[in-house]
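One point on numbering: in the UniProt record's numbering, the residue at position 177 of the sequence shown is 177, and numbering is uninterrupted.
Read the hints as simulated data drawn from the structure, not as lab findings. A few of these clues could be false.
Using C-beta positions, here's what the derived DEER-type ranges look like [stated by the list, open to error]:
1) 43 with 146: 51 to 61 Å
2) 249 with 125: 51 to 61 Å
3) 56 with 81: 31 to 41 Å
4) 118 with 38: 14 to 24 Å
5) 246 with 115: 42 to 52 Å
6) 81 with 43: 34 to 44 Å
7) 247 with 107: 35 to 45 Å
8) 22 with 71: 18 to 28 Å
9) 19 with 152: 48 to 58 Å
10) 107 with 38: 49 to 59 Å
11) 142 with 28: 21 to 31 Å
12) 38 with 117: 47 to 57 Å
Lysine to aspartate or glutamate pairs mimicking EDC-like chemistry, simulated, CA-CA at most 20 Å apart [claimed, not checked]:
13) 57 with 20
14) 80 with 127
15) 242 with 254
16) 75 with 62
17) 122 with 20
18) 75 with 45
In this text, a Cβ means the ideal position worked out from N, Cα and C, and glycines have one as well.
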Amino acid sequence: MTEEAKQDVMLISVSSRIPDFWTDQPALWFIQFEAVVLPQKASDDSCYQLLIAKLSKQVIQEVADLLASPPATGKYTALKKRLTDAYEESETRRIQKLISEMQLGEQKPSQLLRRMQNLAGKRMSKETLLVLWQNHLPQAVRTVLAATALEDVEKLASVADKVMETTKPIEIASVSQQPDSLAEVIANLTIEVAELRKSRQFTRGNNRSSQPSRTRSTSRRGKPSTGKDKNLCYYHHRFGKKAKKCREPCAWNERTKENMGN
């Protein structure tokens with residue numbers, strides 16, 4: 001088998017192990033690419049051809065001039081440099097992402113730290129990166145980390161992970177209770193607004209009763225609210241004796257006793 005044929009076989013065998021080019025992380029992609037290709041002792045031309053095969057249409061359009069007229073030697077190196085220059089983020093952009101765009105989300109604190117370390121590279125001191133990382137953590141986690149005397153970044157990340165594992169169930173339980181409380185608040189506000197409207201209607205009725213022509217229409221208006229319903233909780237106000245819940249303060253039991261006594 002000729003050397004050229006061997007190179008073709010090599011390209012076919014390793015191509016499936018290499019993902020398509022990462023426009024958001026070109027440096028990391030080239031590390032993986034070369035980790036697969038270089039042990040095969042591939043020539044510059046073979047690396048160049050394999051690299052082109054991993055580019056999308058959009059990326060190829062970005063480097064179309066180079067592909068149309070590649071250098072006589074060092075094709076792979078030239079294409080790698082062009083792609084890195086085109087897609088690698090500037091230092092200013094990296095700093096901006098570290099400060100304002102990184103979010104913890106569903107990650108562990110240690111996972112967020114790894115991402116920030118990869119993004120910062122050697123451009124930022126360990127102390128500065130640590131401060132930025134902590135700023136993206138919940139207040140409860142930051143409080144615990146501030147109380148520790150640890151300086152090792154890996155140990156701090158481990159502590160942060162454990163704190164998150166401990167506090168997350170509490171946060172979930174707290175959130176699960178909010179809809180019920182919110183519904184009650186809204187219901188109580190609705191009751192108060194209804195009572196206020198009744199009160200205003202009654203006041204208007206009294207003002208009109210002094211006018212003879214309005215006596216009949218005024219008499220048709222309802223009686224003023226006694227205000228007893230204000231002493232009931234949301235559940236008894238809405239469902240009465242069918243209510244399955246009760247929340248203090250509530251005058252339902254007291255009113256029931258009075259009715260039984262009568």
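Status of each hint after checking the structure:
For the pair residue 43 and residue 146, the supplied restraint of 51 to 61 Å holds, since their beta-carbon distance comes to about 56 Å. A hinted range of 51 to 61 Å for the beta carbons of residue 249 and residue 125 is consistent with their spacing of about 58 Å. Checked against the hint of 31 to 41 Å, the C-beta distance between residue 56 and residue 81 comes to roughly 19 Å, which is inconsistent with it. The hinted range of 14 to 24 Å is satisfied by residue 118 and residue 38, whose Cβ atoms lie roughly 22 Å apart.
In this structure, residue 246 and residue 115 meet the distance hint of 42 to 52 Å, their C-beta atoms being roughly 50 Å apart. A beta carbon spacing of about 18 Å between residue 81 and residue 43 contradicts the range 34 to 44 Å that was offered as a hint. For residue 247 and residue 107, the hinted distance range of 35 to 45 Å is satisfied, since their beta carbons lie about 38 Å from each other. One distance hint, 18 to 28 Å for the beta-carbon pair residue 22 and residue 71, holds here, with the actual separation near 24 Å.
Distance hint for residue 19 and residue 152: a CB-CB separation of about 34 Å, inconsistent with the stated range 48 to 58 Å. Taken as a hint, the range 49 to 59 Å is violated for the pair residue 107 and residue 38, whose Cβ atoms sit roughly 32 Å apart. Judged by the Cβ atoms, the range 21 to 31 Å given for residue 142 and residue 28 holds: they are separated by roughly 29 Å. Taking 47 to 57 Å as the suggested C-beta distance range, the pair residue 38 and residue 117 does not conform, at roughly 25 Å.
Under the criterion of a C-alpha separation no larger than 20 Å, the hint pairing residue 57 with residue 20 is consistent with the structure, at around 11 Å. Under the criterion of a C-alpha separation no larger than 20 Å, the hint pairing residue 80 with residue 127 is inconsistent with the structure, at around 33 Å. At roughly 16 Å between alpha-carbon atoms, residue 242 and residue 254 fall within 20 Å of each other, so this suggested pair holds. Distance restraint check for residue 75 and residue 62: the Cα-Cα separation of roughly 16 Å lies within the 20 Å cut-off, and the hinted pair is therefore satisfied.
Between the alpha carbons of residue 122 and residue 20 the distance comes to roughly 27 Å, so the proposed pair goes past 20 Å and is violated. Among the hinted pairs, residue 75 with residue 45 is consistent with the structure: their alpha-carbon atoms are about 7 Å apart, no more than 20 Å.
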